[in-house]
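Peer 1: Chains as they are written, first to last, in the working numbering: chain H, 1249 to 1609; chain L, 8 to 406.
Rather than coming from a laboratory, the hints here were simulated on the basis of the structure.
Owing to the predicted nature of the structure, the values given are computational and were not obtained by experimental measurement.
Take the hints with a grain of salt, since some may be wrong.
[Said to hold, decoys possible] Pairs of lysine-lysine, DSBU-like flavour, derived with a Cα cap of 30 angstroms: (1) Lys-1348(H) to Lys-1288(H); (2) Lys-1486(H) to Lys-211(L); (3) Lys-1356(H) to Lys-112(L); (4) Lys-1410(H) to Lys-299(L); (5) Lys-11(L) to Lys-1550(H); (6) Lys-11(L) to Lys-1280(H); (7) Lys-65(L) to Lys-211(L); (8) Lys-1319(H) to Lys-1275(H); (9) Lys-1348(H) to Lys-112(L); (10) Lys-299(L) to Lys-1288(H); (11) Lys-86(L) to Lys-1477(H); (12) Lys-285(L) to Lys-334(L); (13) Lys-1288(H) to Lys-1550(H); (14) Lys-271(L) to Lys-1442(H); (15) Lys-271(L) to Lys-1282(H); (16) Lys-20(L) to Lys-42(L); (17) Lys-211(L) to Lys-1442(H); (18) Lys-20(L) to Lys-1551(H).
[What the hints assert, rightly or not] Chain L residues, not near chain H, derived (Cβ > 12 angstroms throughout): (19) Glu-35; (20) Gly-106; (21) Val-264; (22) Glu-341.
Where a beta carbon is used, it is the ideal one built from N, C-alpha and C, also for glycine.
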Amino acid sequence: MATEPVPQRRTDIGPPHYDQFLHPLIKRNYGKWKHHEALKPGVLVHTAESGEAIYTVRAASARLLSTDFIKWVCDMADKYADGYLRFTSRNNIEFLLANKENIDPLIKDLNARGVPVGGTHNSISGVVHTQGWIHCHTSATDASGLAKTIMDELDEYFSSHKLPQRVKIAVACCLNMCGAVHCSDIAILGIHRKPPYVNHANLKNLCEIPTTVAACPTAAIRPVTVDGKASVEVDREKCMYCGNCYTTCPAMPLADADNDGVSIWVGGKVANARTRPMFSKLAIPYLPNNPPRWPEVTEAVKKIVDVYAANAKPWERIGEWIERISWPKFFEITGLPFTRYHIDDFRGANKTYRTTTHMKF
Amino acid sequence: MEDKPKLDVPTPKLDELEKGPWPSFVTEIKRAATKSAMARDLVRQVEQSYNDRVGHWKHGGLVGVRGYGSGIIGRYSGKAEQFPEVAQFHTVRVNQPAGWFYTTKALRELCDMWDRHGSGLTNMHGSTGDIIFLGTKTEELEPFFTELTQKGWDLGGSGSATRTPSCCVGPARCEMACYDTLALTQDLTMEFQDTIHRPAWPYKFKFKMSGCPNDCVSGIARADFTIIGMWRDAIRIDQSAIPEYLGFEGFDLRRDVLDKCPTKCIEWDGKKLSINDKECNHCMHCLNVMPKALRIGKDTGATILLGAKAPIVEGALMSSVLVPFMKMEPPFTEVKDLVQRIWDFWEEFGNNRERVGELVTRVGLANFIEAIGLEPNPYMVMHPRENPYVFYDVDEAAE
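If we strip away everything but chain H, and leave its shape as in the complex, we get:
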């Protein structure tokens, strides 16, 4: 019986060249775009020096997608966009249309399937987030669930341009921050609040002790012998529950149903527009994990967005708005309590103390 010849093994070929995936209209005008405008929320037109225009329809996605859904998206792109599409860094789907007449029929088809169109200009675009309980071993919360409930609440801001500026929301389910949420307008961060549990019986078999000790940013881990077995102990006073030891040593889990939860950070940005990029700062130190819909978290995020929408001046990002009104005012008008946890106590903390009498009362 003849067997299939084994194909020659190919390695290190890299990704396919992007050139083959570009719409012919894009190829013709590559690098020669002149300007763009938003025709309406979710619809952009880019005009080239040649006078040709490409229309982009931006649609939301759940980020976690089934192949069936992607194939349906392909059907839409075949029907309206000559079979060309792209994705954005915030998990939106962008259909690239040469024909302006296709915009409204496409939007109609997308909306009929429950796919919102928007995410452009002064809106809340898709949530950048991590894997959470779907796929991660260190998560303190579920990122997909939080992103879903938060966007259910803020959906009107995705499909409109009514905010003073864009608001970028990100969710990371632990301090590892695969979603690098630390420069977001609003960041939702999964947190642990108790030191890891040390499995002394197994630690020696699963972990390299010197690497585990070295993994701790605050030097809270010491080698120790327990019941004749080499292990480690954690200084509870020094531990700040980052989970870095667990990444190195599986015998030190720190997930805890009753104590894990979520903190909320505000005012970060990465764009250099007007002001420098900024880190997000702590707004709410702890909210409980309350699946499936995290009502405390969605309520808090909605409140921050609503207060920002009502008070910020045009073009101010959340961070710029707070810088102008001052942080005490932010806590005052949002009604969020300011606590000892808001005062930094890690390295370089004193750079955040107020060394001026400039204050607004």
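We have chain H already, so just place chain L on it with the hints.
Peer 2: Below, chain L alone, put in the same frame as chain H:
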């Protein structure tokens, strides 16, 4: 495709997340579950997590394809007896095309391959930029990889490797692009294949290419090596396009543009807009607000910044300027040489799990740039030192 796929397993908690206007990831898992036993057990395990309020995945393990040390993230269920189909549920990272452009033909091919070898679940895309294929068994990895490479695709980076470079939409569909972000991304990805596929660094190393200071791929917050498009000459003004903006409802040139300019370098005399380009700090605001009237200059290139990272281990960092302006044209020799010099230093002096930004913090920027052969430059800092404890070179002092 069914709108609301029904499963024979009860998932009351997750069902709550199929309500509301935003697209539901639960519906997506259920869709995959109508075809894949793995996705079916995934729904069951995630429902369990929603009841228990903890994740049920075990620590990763070493799995991969032959000859590669990265691209596959091993994942095992901590409840394998209850959910046997996800006992192994590994992630495959596939290197995305630059700019995340696709044809439907290519996307369908990828989906078909994943249906044959995995759970049928994906992320389009992961945070670093890869296509994420979520959930397959160890025995499927090598056959999937063979099929993938036959179709012209390859794995992305993971672990202590160069991570898959990614970029903004760039000159493919943006008038703000100061260099070809897609070309550079493709070039660096091909040049550094070995370091992407075989982890050999102290820790991860990420590249992000943004075409302008709007930084749409968040390079300044997320990439060890950040390349942000920049121009050096004058912003181009089309005076004839200004009246259109003045006619927009709610538009106020003074409030929305002039007063928002951080260096107040724009003037309007009622007929003509002028910009004092020597004062412009390239913030992008006026260009963002009036793209029909204003365009970036013609002498374009990029600013190179180094060192961003999330908090683990020593705290979050943003990238800081290494080279204020560099021309950015193929074959990109100057930037590749710089990368190599940084890697040589990091490889020799970086501690285990120390990102390059933390290394720079530890040894000091002055020592670092000396080691990689860059001259001190005031663009590298926000301001000169305030601290008078200066380590003068004793050898330079007179006897």
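Peer 1: Name the hints, by number, that the structure is in violation of.
Peer 2: 6, 14, 19, 20, 21
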